[in-house]
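Asks: Take a look at the letters that make up each chain.
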Amino acid sequence: MSASPPESSLPTATATPPPPGRRYRAEPVWVPWVFLAPFLLTFGVFLVWPLIQSVTLAFQQTFGPKTTAWVGLENFTFLLRDPLFWKAVRNTALFALGSVCIQLPLSLGLALLLNRPGIKCRAFFRLIFFAPSLVGLVFVGLLFSLIFAPRTGLVNTVIHGFFPAFDPEFPWLQLYIMPALILAALWLYVGFNMVYFLAALQGVPEELMEAAALDGAGPWHRFRHIILPEILPVATFVVLMSLLGSLQLFELPFVLLSGTAGPENRGLTIVMYLYNTGFVSGDLGYASAIGWVLALFMGAFALGQRWFTKHQEES
Amino acid sequence: MSLNNAQRQKLLLAPVYVALVAAAFFTLIPFAWLICAAFKTNADVFTANFLPTGDGFLGVAWDRLTIANFIRLFRELGIGRAMANSIFLASFSALIATFFCAMAGYALAKFRFAGQGWVMSLVLAALVIPGSLLMAPGYKLLYDLGLLDSYAGLILPGLTPAFGVFLFRQSMVNSVPTTLLESARIDGAGEFRIFFTIVLPLVRPMIGAYLMITFLQSWNNFIGPQIVLQDPSRFPLSVAINQLRGLYGTDYGLIMSGTLVSIAPVLALFLLLQKEFIAGLTSGAVKG
Numbered sequence: 001m002s003a004s005p006p007e008s009s010l011p012t013a014t015a016t017p018p019p020p021g022r023r024y025r026a027e028p029v030w031v032p033w034v035f036l037a038p039f040l041l042t043f044g045v046f047l048v049w050p051l052i053q054s055v056t057l058a059f060q061q062t063f064g065p066k067t068t069a070w071v072g073l074e075n076f077t078f079l080l081r082d083p084l085f086w087k088a089v090r091n092t093a094l095f096a097l098g099s100v101c102i103q104l105p106l107s108l109g110l111a112l113l114l115n116r117p118g119i120k121c122r123a124f125f126r127l128i129f130f131a132p133s134l135v136g137l138v139f140v141g142l143l144f145s146l147i148f149a150p151r152t153g154l155v156n157t158v159i160h161g162f163f164p165a166f167d168p169e170f171p172w173l174q175l176y177i178m179p180a181l182i183l184a185a186l187w188l189y190v191g192f193n194m195v196y197f198l199a200a201l202q203g204v205p206e207e208l209m210e211a212a213a214l215d216g217a218g219p220w221h222r223f224r225h226i227i228l229p230e231i232l233p234v235a236t237f238v239v240l241m242s243l244l245g246s247l248q249l250f251e252l253p254f255v256l257l258s259g260t261a262g263p264e265n266r267g268l269t270i271v272m273y274l275y276n277t278g279f280v281s282g283d284l285g286y287a288s289a290i291g292w293v294l295a296l297f298m299g300a301f302a303l304g305q306r307w308f309t310k311h312q313e314e315s
Numbered sequence: 001m002s003l004n005n006a007q008r009q010k011l012l013l014a015p016v017y018v019a020l021v022a023a024a025f026f027t028l029i030p031f032a033w034l035i036c037a038a039f040k041t042n043a044d045v046f047t048a049n050f051l052p053t054g055d056g057f058l059g060v061a062w063d064r065l066t067i068a069n070f071i072r073l074f075r076e077l078g079i080g081r082a083m084a085n086s087i088f089l090a091s092f093s094a095l096i097a098t099f100f101c102a103m104a105g106y107a108l109a110k111f112r113f114a115g116q117g118w119v120m121s122l123v124l125a126a127l128v129i130p131g132s133l134l135m136a137p138g139y140k141l142l143y144d145l146g147l148l149d150s151y152a153g154l155i156l157p158g159l160t161p162a163f164g165v166f167l168f169r170q171s172m173v174n175s176v177p178t179t180l181l182e183s184a185r186i187d188g189a190g191e192f193r194i195f196f197t198i199v200l201p202l203v204r205p206m207i208g209a210y211l212m213i214t215f216l217q218s219w220n221n222f223i224g225p226q227i228v229l230q231d232p233s234r235f236p237l238s239v240a241i242n243q244l245r246g247l248y249g250t251d252y253g254l255i256m257s258g259t260l261v262s263i264a265p266v267l268a269l270f271l272l273l274q275k276e277f278i279a280g281l282t283s284g285a286v287k288g
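Protein chains in written order, with the numbering used here: chain A, 1 to 315; chain B, 1 to 288.
Take the hints with a grain of salt, since some may be wrong.
[Said to hold, decoys possible] Taking lysine to any residue and the SDA-like style, the derived pairs with C-alpha atoms no more than 20 Å apart in a straight line are:
(1) A:K310 to A:H225
(2) B:K10 to A:C121
(3) B:K275 to B:G208
(4) A:K120 to B:P15
(5) A:K120 to B:T27
[Said to hold, decoys possible] Sample of chain B residues at the chain A side, in silico, Cβ under 10 Å:
(6) Q9
(7) A23
(8) L28
(9) I29
(10) F31
(11) A107
(12) T160
(13) N220
(14) K275
[To be verified] Not everything, but these chain A residues come out facing chain B in the computed CB check (under 8 Å):
(15) W49
(16) S54
(17) L110
(18) F129
(19) P132
(20) L154
(21) F250
(22) G291
Because the hints were derived from the structure by calculation, they are not lab data. Note that CB positions come from ideal geometry on N, CA and C, so glycine has one too.
Please model the entire structure based on the sequences and the hints provided.
Replies: Take a look at the structure:
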């Protein structure tokens with residue numbers, strides 16, 4: 001899952017102003033274009049071209065990359081009535097909700113704790129919390145597939161140890177795949193997002209906090225009226241990033257469920273459905289249609305974040 | 001009993017430390033479980049939760065631990081090959097991507113030219129395009145270009161990620177003084193000489209951070225090689241270890257040792273370079 005900063009938090013697309021009042025040998029016009037050439041080339045070939053292709057593919061039915069047939073809007077009309085797709089949307093939304101509502105408050109909480117003045121070993125704790133996010137999704141999937149395994153897995157042996165009545169064969173991954181995924185993602189990303197919150201918190205001016213404390217503002221008031229407004233740009237960025245990342249959930253359940261969608265498709269996500277349609281059934285056309293609908297969802301969230309930030313800045 | 005201010009401060013911090021240690025404990029448990037499982041025989045995996053109990057030091061049967069899993073991985077299952085593939089792919093992708101992103105970032109940060117705003121918009125647009133949208137047409141493109149089942153098919157699409165261009169642009173705007181470039185030009189230095197001898201050394205921290213980001217991304221990339229590669233001798237660790245599970249599903253010790261050898265190198269690398277890495281990771285969000 002790639003981390004893409006939202007547009008709104010970016011500075012406007014202008015370069016450095018020209019040096020005021022000084023004349024110097026101007027570089028030839030072609031120089032910046034030479035430096036940009038590799039980017040523009042790969043951008044054109046591996047982004048723009050596939051993007052155009054995905055538009056045409058979305059109106060085709062394919063069988064592998066070789067055979068294609070035009071089907072018009074059929075992919076999209078089928079998609080709207082496809083129960084599997086909506087199952088995938090529901091699962092993915094559940095995961096996104098879990099990620100944002102459980103993971104991010106924990107990340108912020110840890111960052112607030114770690115940012116308390118006088119805390120020793122701050123770098124050490126940060127290192128520990130951050131470490132899981134270095135582990136690739138496929139390895140996290142493998143690790144948690146064994147941690148959740150019946151009988152021998154860590155989860156079941158620990159619960160069984162405390163409550164002997166608990167069935168050690170309890171099949172988490174068969175019955176509660178989405179909660180299991182949320183838990184694995186929690187382990188993976190809490191520290192990662194904490195690093196962003198911590199960086200933002202360290203930018204809150206200390207004089208402001210001290211002045212508020214002198215004025216008798218309690219911890220909640222200081223958080224609500226000083227910390228929160230200061231870190232809001234970073235916070236909305238982190239929320240958007242986790243939302244966009246959650247919407248693209250794929251590798252974790254793919255590995256955790258050994259390439260299946262789980263019983264009754266309980267672990268089916270949007271991108272997993274896209275992958276299965278495109279690369280297992282070989283219909284790259286329908287897969288592209290799914291991709292466009294996903295892009296639409298993601299674009300809506302990005303615009304929503306943009307609107308929110310703008311609204312905040314104005315008020 | 002009266003407490004002075006410093007003592008009271010310390011007492012107030014005690015619950016904070018408790019919470020932090022508890023969080024660290026939960027973070028480390030899966031790692032501990034993974035390491036223990038990797039050194040156990042399959043019989044012990046099924047009976048002991050962390051380490052097998054016995055009459056050794058600390059009540060652990062140390063003599064029952066084994067490195068047989070690792071020997072099997074490298075002798076019989078050819079994981080050494082997959083590791084070499086991963087090291088090659090990740091280093092090569094990281095070096096090239098960092099170099100090209102630095103070039104493009106430099107052009108956007110330190111030049112003024114017609115079409116600049118347009119290029120910058122392209123970079124920003126590329127940032128918000130979901131990778132999964134490009135999965136199906138990207139596969140078709142690689143098929144058309146004859147790049148399926150080759151490393152070129154994996155490396156070329158990630159040659160200059162927009163995210164890297166953006167990061168380098170952001171860091172160069174401030175950390176490369178325009179006057180320095182001007183005086184170098186007045187002294188008659190060529191454009192590429194300026195880039196290599198002045199610009200790149202000035203953004204060395206960013207280079208280190210981005211090398212690590214791209215190395216990590218390539219090392220952990222699973223879906224890319226899973227889609228593009230077909231020949232098992234080309235598989236990187238991510239795909240090879242996942243295949244092991246398909247073949248030796250219940251051999252938990254073997255799978256965990258494979259996972260351990262896959263994540264240990266990147267964790268070690270991060271321990272060495274963590275400061276630069278975190279600074280680079282957050283610079284886009286916080287400074288931007």
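Asks: Confirm or reject each hint.
Replies: Here is what the structure says about each hint:
Between A:K310 and A:H225, the direct Cα distance comes to roughly 19 Å. Compliance with the 20 Å bound is thereby established for this hinted pair. Straight-line distance between C-alpha atoms of B:K10 and A:C121 comes to about 14 Å, which keeps the hinted pair within the 20 Å bound. This hinted pair checks out: B:K275 and B:G208 have alpha carbons roughly 10 Å apart, not beyond 20 Å. Restraint check for A:K120 and B:P15: satisfied, since their Cα atoms lie roughly 14 Å apart, inside the 20 Å limit.
Restraint check for A:K120 and B:T27: satisfied, since their Cα atoms lie roughly 19 Å apart, inside the 20 Å limit. Interface hint at B:Q9: satisfied, since its Cβ lies 6 Å from the closest Cβ of chain A, which is below the 10 Å cut-off. This hint holds: B:A23 has a C-beta 6 Å from the nearest C-beta of chain A, less than the 10 Å allowed. Interface restraint check for B:L28: the shortest CB-CB distance to chain A comes to about 7 Å, inside 10 Å, so the restraint holds.
With its C-beta approaching chain A no nearer than about 7 Å, B:I29 sits inside the 10 Å limit, and its interface hint holds. Given the 10 Å rule on beta carbons, the hint for B:F31 holds: about 7 Å separates it from the nearest Cβ of chain A. The restraint placing B:A107 at the interface with chain A holds, with a minimum CB-CB distance near 4 Å, inside the 10 Å limit. Interface hint status for B:T160: upheld, as the beta-carbon distance to the closest one in chain A is roughly 4 Å, under 10 Å.
The criterion of a C-beta within 10 Å of any C-beta in chain A is met by B:N220, whose closest approach is roughly 3 Å, and the hint holds. Because the smallest distance between the Cβ of B:K275 and any Cβ of chain A comes to about 8 Å, under 10 Å, the interface hint for this residue holds. The closest approach between the C-beta of A:W49 and any C-beta of chain B is roughly 6 Å, which is under the 8 Å cut-off, so the hint is satisfied. Taking 8 Å as the C-beta contact cut-off toward chain B, the hint placing A:S54 at the interface holds, the least distance being around 4 Å.
Taking 8 Å as the C-beta contact cut-off toward chain B, the hint placing A:L110 at the interface holds, the least distance being around 6 Å. Using the Cβ-Cβ criterion of 8 Å, the hint placing A:F129 at the interface with chain B is satisfied: the shortest such distance is roughly 6 Å. About 6 Å separates the beta-carbon of A:P132 from the nearest beta-carbon of chain B, less than 8 Å, and the hint is met. For the restraint placing A:L154 at the interface with chain B, the shortest Cβ-Cβ distance is roughly 5 Å, inside the 8 Å limit, so the hint holds.
Below 8 Å, beta-carbon pairs count as interface contacts, and A:F250 has one with chain B at about 7 Å; its hint therefore holds. With a cut of 8 Å, the hint placing A:G291 at the interface with chain B holds, because the nearest CB-to-CB distance is about 4 Å.
Of the hints listed earlier, there is not a single one the structure fails to meet.
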